[in-house]
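Enquirer: I would like the entire structure built from these sequences, with the hints used as guidance.
Protein chains in written order, with our numbering: chain A, 107 to 258; chain B, 3 to 383.
If you want the footprint, here are the derived chain A segments under chain B, 3+ residues with CB under 8 angstroms:
#: 1; region: 127-139
#: 2; region: 191-198
#: 3; region: 205-219
#: 4; region: 242-252
Treat the hints as calculated values from the structure; they're not laboratory data. We treat Cβ as the ideally placed atom computed from N, Cα and C, and that holds for glycine.
As a plain string of letters, each chain reads:
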Amino acid sequence: MTEENKHCYIKEGKLALPYQYFAGRIGSKFLVSLRDKKKILGVKCEKCGKVFIPPRKTCERCFEDISEKWVELSNEGEVTNFTVVRTDDKHHPRKAPYVLAMIKLGGADTPIAHILDGVDPDSVKIGMKVKAVFADKAVNTMLQIDRFEPVK
Amino acid sequence: MARRVAVCAVAQTGFVSNMWQKRFQQMCFETVESIVKQTGVDWNEETGIRNIVTCSDDVFDARTISDNGITDAVGAHFRGEEKTAQDGINAIAYAMACIMSGHDDVVLVVGHTKESQTESRNMCSNLAFDPFYCRDLGLDFEKGAALQARAYALKSGISETQLAKAVVNARRNAAKNPLANARELVTIEQVVNSPMLCDPIRTLHAYPVSDGAVAMLLAAEDKYKEYTDKPVWLTGWSNCMDSYFFGDRDLASNFSLKKASAAACKMAGVSDAKGAFDVVEINDAYAYQLAMWAEGLGLCDENKGGEWIESGILETGKINPSGGMLAGNPIMIGGLARAAEAVVQLRGEAGERQVAGAKRAVAQGTTGPAGQHQAVMILEN
Ligand SMILES: [Zn+2]
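Expert: So this is what it looks like as structure tokens:
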């Protein structure tokens, strides 16, 4: 603190803004399927054969319209990568430590990020078999899958 | 043939973890004042600065159209002003294009971020993720880096000791750079024993929260003499954006950096990046990035980033002489600060950390999670 800034002050503020996000036609179909049928859908590019999740309208490599090429994926998959979050922060869905994993579902080519619960963070392994546990109530985001847990 | 573009001056605030006693406008203004003092440039609409390219982030500044908050401080009233919302190295490229095209002769670049204003920089970068598939999971740039760090370690076999040496080098170089933030020396033991932050990233593997601003004056080859007798030429530049979803990307592949580096080298007439640069400034916000991005820049072979760290190259002082991003620059202007150090080195003004006889430098900047967007700039004197 110097003489010249002795009487200066800092204002506490907050960025907060109620907001609406449109899920899109394809995103909506994916999320409604998670919510109402507990089924995880992907989209397949028939040109290169790649199965994408989250779904999208166009294959980024082939520019094929894949918006109607729905395929049902397994509710189980394997861990391809993970991190253990060791600090708490307001945007985290869990208290630390929690595991964020990349999970490749059966039938998909692109792993998805999700929360991995039900396991000691220090014993998570790449290749570990895990399964989706669905939320009981409507969430309408990826957290319609509440979490993944190891397959017993 | 497009006109050549010279950097005539750079100015940096110096970087600290909490510049609470300065508004970000003041941080910018001090760098602009320094540029004026160094060059005598003015804002004459015929012969002086008539275009300013800024770089800032709306969420970090907590006001949208964040350039709006600094137009007076950077002298952008009554003339052109454009903002980049990617790393400030892209602002240099934008200014460079303005001059190469003949649209402008003299352009001022100013970038700033005050990370300390936010309660959590990770909450800011969480907002870079989509609200349906990723944001609610708590993903942010730190978690993205952690996933990439593991993918890279599995692919390359980089060791804990090699990662620690990246941090040790950063601090050793930063100790000679009065502008750097984290300047305390650390040992390999301190790094490998520092607590996990976000596995496999340890606390000392991560760059410190940082505040600061950087400005640069660019001029066309037929104008630079009015402002400097030590021009640094921008001879190569490119950038590349990778896919958005982590699952769509091969996180350890360096896809976007390899493309950006190859195109920048081609523009500068560099046939092989290995050994081509006297000064290398890598945007290593996390320790693994020094090794991984050295590979992506083509400075060493694939999967050899760890060995490269131990090859003796760090002891030459040519790699991140500023201390690098690990020594603390704020997000958004990491690459801009890399380019600024390259200019200081090529002007021979780096004092105790000067690389003797430096002729050609490469600076890298990145934007987005896990190096999604990469930019590479080549500078020569
Ligand atoms: Zn395809």
